[in-house]
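S.K.: Full structure from sequences and hints, please.
Chains A and B, in that order, give the protein sequences.
Okay, so the first sequence: first residue is 769 according to our numbering, each after it adds one.
Okay, so the second sequence: first residue is 1237 according to our numbering, each after it adds one.
Heads up, a few of these hints could be off.
Unchecked claim - Taking CB as the label site, the calculated pair distances span: (1) Ser872(A) to Lys1341(B): 50 to 60 Å; (2) Tyr1409(B) to Gln804(A): 39 to 49 Å; (3) Glu1364(B) to Phe866(A): 33 to 43 Å; (4) Leu1281(B) to Phe866(A): 16 to 26 Å; (5) Ile909(A) to Lys1310(B): 50 to 60 Å; (6) Ile909(A) to Met1265(B): 15 to 25 Å.
It should be emphasised that the hints constitute simulated quantities derived from the structure, not laboratory data.
If you're wondering where the values come from, they're calculated on a predicted model, not measured in any experiment.
Backbone N, C-alpha and C fix where the C-beta goes; we use that ideal spot for every residue, glycine too.
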Amino acid sequence: MGIYWALIRVFFLIGLFGFGGGYAIIALIRYFVTIQEKWLTSTQFIDVLAISQITPGPIAINSATFIGYKMAGVLGSAIATLASVFAPFILVFSSSYFFHKLNSDKFKRVLENLRPMTFALIISATYSIVSSSLLDFKSFIIFLISIFLSYINFGNIPLRLLLMAILGEILYFLRF
Amino acid sequence: MSYIDLFWVFLKIGWLTLGGGYVMIPLFMEEFVKKRKWVTQDEFLETLTLAQLFPGPIALNFAVAIGYRLKRLKGALVSATAVILPSFVSILVIAIFFLRFEENKFVQGLFYGLRPAIAGLMVFSIYEILSKYKFTYIKIIIAILFTLVLILFKLNPVYIIILALIGSILWVYTGH
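M.R.: Structure, rendered in structure tokens:
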């Protein structure tokens, strides 16, 4: 029973505090699942991120589904996924219900001010992911190519990742 | 418009959007405003703004807000379910396979490439944010402070988020 409650608690909080969109949420998920609960190692967490970037759906929901399954099977997966969407659902739903004219101007300014915080979250997540994924010279090469492909805006993210996976496969078996 | 239509549109968009995020907004607009004329352009933008004001994945929030607008509670539930389903199913299938073959050399090879690629994507996102937004000095200092606290003290990001939220709300509502 305990694991279900832990999944609910963790993914409810991730849903509730998932401000800033995109990569900002990674620091939050990483803290809960690798440092606090130790459900995944740092490397496994990056693997979940990678899977999440080549499949449909947002990182918060994807990681809930994946980790829920890993820790407690299909039921755990469903419970964690529902927990991750519960807070956003309630917030958006009740604001649609109660406020016919939301003062979105002030709200937007509040969010605008959160940008340094979300930026800090992204930098800290990047720091930890870089330090646990660049282990040797070959992975450093892949890292640089990945940045370069993003810089020239090559294809889209899933395509770039697919290429890097193929390159990784080649370099993994190649010894130098 | 029936619940099945609503379900179908969100399911379709849910499948199409690899990696999630803002790429799905133009697709939503195409379907809801141009093709099906369920909402006007203005209503669409108003709903989108509402969806952006809250924590949580933008696609989910948008599905809840537009579902509510069209069909109240049942609409919100139907569209939220449809937008989550593709990511839930695909991650569940991958999780079942991945966890079984995690130690496999071939799988390890793929992720050997994917891990540094993810690190590269994140580093590039920092570059993008820096080139897109003009941070004031005070915001740069706040971002650096938060980053240091997160990295050096391994603090739960929830505390940083709450602190930033309170600070921002006070700042905006005291007339700044």
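S.K.: Output the indices of the hints that this structure fails to meet, ascending.
M.R.: 2 and 6
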